[in-house]
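2 protein chains.
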Amino acid sequence: MKTIEGLTAEEERAAEMFRALGNPARLRIVAELARRKVCQTGDLVDVLPLAQSTVSQHLKVLKEAGIVRGDIDGEPCYCLEPDAIRFVMEFCEAVGDPGRCDPASGC
Amino acid sequence: MKTIEGLTAEEERAAEMFRALGNPARLRIVAELARRKVCQTGDLVDVLPLAQSTVSQHLKVLKEAGIVRGDIDGEPCYCLEPDAIRFVMEFCEAVGDPGRCDPASGC
DNA sequence: GGTTTGCATCGCAAAATTACGATACAGTAG
DNA sequence: CTACTGTATCGTAATTTTGCGATGCAAACC
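Sequences listed follow chains A and B, in order. The first sequence lines up with residues 66 to 172 when you count with this note's numbering. The second sequence lines up with residues 66 to 172 when you count with this note's numbering.
Because the hints were derived from the structure by calculation, they are not lab data. Heads up, some of the hints might be wrong.
Said to hold, decoys possible - To give an idea of the chain B side of the interface with chain A (calculated C-beta under 10 Å), a few residues:
(1) K67
(2) T73
(3) M82
(4) P89
(5) R91
(6) A96
(7) V112
(8) L113
(9) L115
(10) T119
(11) P147
(12) I150
(13) M154
(14) E158
(15) G161
Model, not experiment: these values are computed from the prediction. Beta carbons are placed, not taken as given, at the ideal position from N, Cα and C, and that holds for glycine.
With the hints as constraints, model all of the structure from the sequences given.
Now the structure itself:
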């Protein structure tokens with residue numbers, strides 16, 4: 066993928082998070098974590114029709130994107146990163162209300 | 066990509082939109098459309114370091130994901146689909162407040 | 001000690017994405 | 001009619017993602 070210059074740091078972070086969420090298996094993991102608050106890899110493997118290694122990799126992607134937090138208190142258990150969803154929502158809000166604070170539009 | 070059964074329709078739609086937004090070039094397009102409200106393909110080609118055919122393809126992806134609306138009044142011009150961002154935000158809200166109405170958590 | 005359990009990582013094959021130039025195609029200008 | 005302009009689409013190469021089995025690795029258990 067070609068690098069796009071001129072992206073703000075927020076846009077870059079948002080793109081990474083969107084990409085992580087843009088996979089059905091990973092979105093399912095996030096939904097499951099939202100319901101259960103906390104769970105181990107094995108719980109997710111039970112729910113998903115995927116091999117254990119694949120689920121583990123998806124968790125890694127989610128962790129790297131800052132969407133999921135792993136290894137709480139040394140235990141290999143996962144939960145949602147609370148800031149993550151908030152960041153996405155705030156980003157969407159900023160985009161969804163374009164020009165709300167744009168001087169050119171009279172703010 | 067393996068199909069994940071058991072995804073709700075909303076989750077499936079959200080995943081498609083997230084995937085579309087999870088590309089720096091496309092996110093840049095969305096940001097640009099948010100600023101300009103409306104623009105033609107050529108305007109976006111000028112802004113992005115990509116070939117015209119590539120930009121056109123990205124626009125197609127965004128259109129298919131329901132994020133962008135094209136060809137207004139027969140004119141080849143694009144604008145954001147207003148419902149799209151709202152849908153993403155509502156989805157995030159539902160996930161981000163997990164168990165807010167979960168009996169187990171005392172609601 | 002050895003064994004089992006739960007998870008991460010490695011290595012690889014298949015599939016999908018990304019980007020590009022070439023080309024098609026409609027509308028406008030000459 | 002011809003030429004040009006702006007986009008979309010096609011075909012293709014390079015890259016990335018996805019998914020799996022095999023393997024590594026640490027902790028718990030015998």
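These are the hints, each one checked on the structure:
1. K67: Because about 7 Å separates B/K67 from the closest Cβ in chain A, which is inside the 10 Å limit, the hint holds.
2. T73: Nearest chain A Cβ about 8 Å off; hint holds.
3. M82: 8 Å, holds
4. P89: With Cβ-Cβ at 4 Å, under 10 Å, it holds.
5. R91: Constraint on B/R91 satisfied, holds at 8 Å.
6. A96: 6 Å, holds
7. V112: Where the cut-off is 10 Å and the nearest Cβ of chain A is about 8 Å from B/V112, the hint holds.
8. L113: 7 Å, holds
9. L115: 7 Å, holds
10. T119: With Cβ-Cβ at 8 Å, under 10 Å, it holds.
11. P147: OK, holds: B/P147 within 10 Å of chain A, min 8 Å.
12. I150: 4 Å, holds
13. M154: Because about 5 Å separates B/M154 from the closest Cβ in chain A, which is inside the 10 Å limit, the hint holds.
14. E158: With Cβ-Cβ at 7 Å, under 10 Å, it holds.
15. G161: With a minimum Cβ separation of about 4 Å from chain A (threshold 10 Å), the hint on B/G161 holds.
The structure is consistent with each of the numbered hints, conforming to all of them.
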